[in-house]
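Chemist: What follows is each chain in one-letter form.
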Amino acid sequence: MHLGPIFRSLLHNKTRFVLITLEVALTLAICVNCVALIGDLRDTIEAPSGYAEEELVVVTVRPFEADYFNDDELAKVTRIEDRRVISELDGVDGVIGITSIPLSGGGSSTGRRALGAEVNHGMPYFVVSEDAIETLGIELASGRSFNDEDFDRDWDNMPVILSQELADVYYPDGDALGKMITDGSEETQNQIVGIASHLSSAWPTSDWGRFAALIPGDPDSGDFYRMMVRAETDRRDALVAGIEEALIAHDPGRIVEVETLADIRDDTFYSTMERKNTLVGVILLLVLVTAVGIVGLTAFSITQRTREIGTRRALGASREAVLRHFLFENWLVTTIGLAIGIGLAYGLNWALFTLSNDAARLQPIMLIVGVIALWLTGLGAALGPALRGTRVPPVVATRAT
Amino acid sequence: MLLYNLRLAWSSLRRTPWLSALTLITLAIGVGVATTFVSMVHLLGRDPLPELSDDLFYVRLDNWNPEEPRSRNFPERPPQQVTYRDSLALLEAPDPVLKASAFRTQLIVHPDDPAQRPFPRMTRAATRDFFALFDVPFAHGGTWDQRADETGAKVVVLDHETNDRLFGGDNSVGRELRLGEHVYTVAGVLAPWRPVVKVFDVTQGPNNEPESLFIPFRVAESIELGVYGNSSGWTSWDTYEERLFASESVFTQHWVRLETEEQKASYQQWLNEYTEGQRAGDRFLRPTNNWIQPMMAWLEEMEVVPPSSQRMMIIALLFLAVCAVNLIGLLLGKFLARAPEIGVRRALGASRGAIFVQHLVECQVLALLGSLIGIGLASLGLAVLTSDNAGEQLLYPDASTMLIGVLLAMAAGLVAGIYPAWRIGATAPAIHLKLQ
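Quick mapping for you: the protein sequence lines, in order, are chains R and X.
Per my numbering: the first sequence = residues 1 to 401.
Per my numbering: the second sequence = residues 402 to 837.
Simulated from the structure, these hints should not be mistaken for lab results.
Only a predicted model underlies this, so the values are computations on that prediction, with no experimental measurement involved.
All residues carry an ideal CB built from backbone N, CA and C; glycine is no exception.
Treat the hints with care, since some could be wrong.
[Said to hold, decoys possible] Stretches of chain X that chain R covers, calculated by requiring three or more beta carbons in the stretch to come under 8 Å of a beta carbon on chain R: (1) 505 to 514; (2) 708 to 716; (3) 786 to 793.
[Stated by the list, open to error] Partner residues aside, some chain R positions facing chain X, computed with beta carbon under 7 Å: (4) 26; (5) 30; (6) 66; (7) 270; (8) 273; (9) 352; (10) 356.
Use the sequences and the hints to build the structure in full.
Modeler: Spelled out as structure tokens, the structure:
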């Protein structure tokens, strides 16, 4: 390979050289940052929630008769009765009461700290009735489910089951099981009786997505109450209509809303998914535009150098030598562009991070993949025009001048 | 001269249709992507109430725990909302020209028609000047009277859609409607109204839909209205009454209209005197920190333009830059291919400047054509990206979108065109004449 002519011809075509370099550099910087953002969004979307998402159905009951609100005992019986009605339906594997819906975007949170700690950390929580762990499909990493005695305690001393991540926040040494958490007051102390491998909060797309607690109790949200039903997979969709019918038939004095947890989750993740798809679209378009640009510039430069090629061919250069020349030249320019692009990528990442500190940080692997992908794109884009260049017959050199 | 240049540009575009098409598509894609995100940020971030915003202020009082601030990351910020009892007190302030307190709740609507099942409707409990403060449009009737505010009377303002559903779109003012356990009288019906930014309550997502029903704020004192909006607190309560009158649970928003600096100063003093007075009752134990926050500052704090959109805008502008670099190459090829022809023109007396201008005009013609397609793409982009999963579109392209598209396209055309136009202008006529 003769490097001399390649460098000389590069210097002779500074414009083209600068343009391809710039284009490749910008493309790498943008693509790699998009990939970093996509990676972040994908982590959020694909993180295991801990719930049997595809088998759960969510029921919200809004009573509107005065009796329910005026008689606490009746209200409690109504809630238990509803769970019984649902549990008798065909295809129901379990039903629990719960205060708000995991992954729904709406819920409750309070503050807790380890004993002796200075400040509270937010604790998103769900109050659940008996059998919640089994019905929701939660896997315990350690500890136990709630037992009957747990439900008899008073509110300030209810035991809790925490997500692994939240347990690690309160007790970073990994010895949270059996320890107490408090809100800072004397009265409130909750023992951590179980730790769930995964347990998402009501806000899975937020910073608090992985922090959640379950508290045993009788879930009642005032105006309404909620239940979650574990359904056999093939009966789930039929149950959505079936549950509403059964509950209204049992007592028409309320509004019943039934949805699958999968639908609720998809709603919550809708904009996250959309952001991810947008970024994927931007990357594809960008690579396309860059490839078209390289094709155009290479084709143009080869047309311009037709006579030069003819001369080289006439002086004995083989077609392969001409092809090698163009491909190597292209590779060299692309590589310089990529080197600059790595710098630009970090610059852009810094700018995006300054804008809001939830921007994703670059990882070296992304740059490596990006560099390889753009090398291939560059070579692929240059191949066509370069092959055309090799077909220039030596006679051209003699003709034009 | 411009006409001549335009004619030259047109014939040049037609002579190299493929190259022109490629140039046009590159430009259109770049402009389309950039315009989509620049407009999105513009449409989300612009003043939603340009006539009113200068005088509109959001009131925040620091009633939080003396041990720790509401927000650890921003300890200087007071809580985002105020308690019910403080909201009532603020309604007595003498300075504001208009003021309103409000919170979000839900009521169950019982249609007269027994065939229709009752249905829930998001409801805003507000004081009567709420509608005037935010310029809410009425189709029939209007807000309730002062007395209804004071007594928490059972009156209701319906949104357009609920009025259609319940009363077939008739003027229902004066008609009766059962909401929950009680019968309300319709005081007004809104005209169709879907603000992009829910200015009056951005605590649960700035682009949410407004509530469907509006009832007097103090209905809460006779009926237990559930709080369906953002709520937080640092003290506990046992009963609803305690929550309203003896807790530090913040869930109401209080807005005021202050028209002069004197009013502002005097109101600030009034607020400070109020919270300092409350200290006797062991409240407001943190250092006095009461904010009269301008509307736009509050919206900005609540990230009405989400950082993710700003990020996308930067990425999209860089995308356009790549397209522009690409264009430089394409234009260079296109222009230099007709160097011989330009050589003839130069030899016949066209100046360098004339050739340069001619080619820049050609670039701008391309840019304008590209911007047309680009704006079309951006409209599509906005429709796809700002529609919720039910398919309802939030942001619509308007004149500003078109302007953004044209400006971006012309800037890209100019940036991309200058060098190629200069190169072709600098062509020495002799070389090309010789070749002929």
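Chemist: If a hint holds in the structure, say so; if it does not, say that too.
Modeler: Each hint tested on the structure:
1. 505 to 514: holds (count 3)
2. 708 to 716: holds (count 7)
3. 786 to 793: holds (count 3)
4. 26: It holds, given that the least Cβ distance between residue 26 of chain R and chain X is near 5 Å, below 7 Å.
5. 30: 5 Å, holds
6. 66: It holds, given that the least Cβ distance between residue 66 of chain R and chain X is near 6 Å, below 7 Å.
7. 270: Residue 270 of chain R check passes; min Cβ-Cβ to chain X is 5 Å, inside 7 Å.
8. 273: Violated, because the Cβ-Cβ distance from residue 273 of chain R to chain X comes to roughly 9 Å (cut-off 7 Å).
9. 352: 5 Å, holds
10. 356: Check passed: Cβ of residue 356 of chain R comes within 3 Å of chain X, closer than 7 Å.
Checked against the numbered hints above, the structure breaks only hint 8 and satisfies the rest.
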